[in-house]
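J.: Read top to bottom, the protein sequences are chains V and L. Just so we're aligned: 31 in the working numbering is position 28 of the first sequence, and the numbers increase by one with no gaps anywhere. Just so we're aligned: 1294 in the working numbering is position 94 of the second sequence, and the numbers increase by one with no gaps anywhere.
Hints listed in this document are in silico derivations from the structure and should not be mistaken for laboratory results. Heads up, the beta-carbon is just placed ideally off N, CA and C, and yes, glycines get one too. One or more hints might be untrue.
[What the hints assert, rightly or not] Coverage of chain V stretches by chain L, computed from C-beta distances (three or more under 8 Å per stretch; other residues unrestricted): (1) 21 to 30; (2) 39 to 48.
[Unchecked claim] Residues from chain L that keep clear of chain V, each with C-beta distances beyond 10 Å, as calculated: (3) T1230; (4) Q1251; (5) S1281; (6) I1290.
[What the hints assert, rightly or not] Far from chain L, by Cβ distances over 10 Å, these chain V residues were calculated: (7) R53; (8) R66; (9) L108.
Residue-level listing of the chains:
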Amino acid sequence: AQKVTQAQTEISVVEKEDVTLDCVYETRDTTYYLFWYKQPPSGELVFLIRRNSFDEQNEISGRYSWNFQKSTSSFNFTITASQVVDSAVYFCALSEAYGGSNYKLTFGKGTLLTVNP
Amino acid sequence: SAVISQKPSRDICQRGTSLTIQCQVDSQVTMMFWYRQQPGQSLTLIATANQGSEATYESGFVIDKFPISRPNLTFSTLTVSNMSPEDSSIYLCSVEGSGQGWDTQYFGPGTRLTVL
C-alpha cells in the first residue's frame, strides 16, 4: 500500500529564512505521481506542483523549489526567503495505480508552517 | 484549472439530522471525488463519483451514511446522514481532468460542518 510521511508536524521560522518541508513516500509501482498542496487558514486546498516518477529534475518556481530523489523516495519542498503569507499547512500526496488502471491520491499528515514577522 | 464551488460553505447541524453538500464545476469533468478532513487531520478519500455509475466508496465509508449523486458532468452532491458530533469535519470535493485518475486534482473551497 502506498504511504506518505511528513515527519515535521510543525515548523516555525522568522520571515526571510529558508525552510525545507520533508516528504518521504512508499510505493510498489514504477509509475506514480507526487504532489504538493497548500492549505492556508481559509481552508481551501491550493495545488502547487505535480511530478511524475520518471522526471527527477528539480523544479523551481519563484521562491519555491522541489527536490525529487527516487533513490531516497523523497520529494522535499523548499521555500526561500519565507514570507508571512507562506504560513499554511502543506500536504505532500502520492497518486499510485491500484486495480491496474485506477489511481488513488494519498495524503501525508501535513506540515504546519508558521512564518513570523 | 477548473473553478469549483461548494454549498454551503459552512453549517452547524443538530445530531440526527442530514446535510447535503453541493459541488459545482465550471467545466465538464469525468471524475469527482469527495474527501473528509477531520479537525487537525489530513484528507481522507470518502468516495469517487463518476457520471453515470454508482459511486465507489473507500474502506470505512458506506453509502447509507454518505450517499452521493452525480447527475451530470459538472455537478455532484454528498449527503452526510444521521449526523453525530464525530462527523464534524471539512468536506471537500475535487475534480480530475484526465478521466483516469492520475492527473492533478483541483479542490473546492470546502464545507465546514459542525454537529452539535
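J.: If you check each hint against the structure, which ones fail?
T.: 1, 6, 7, 9
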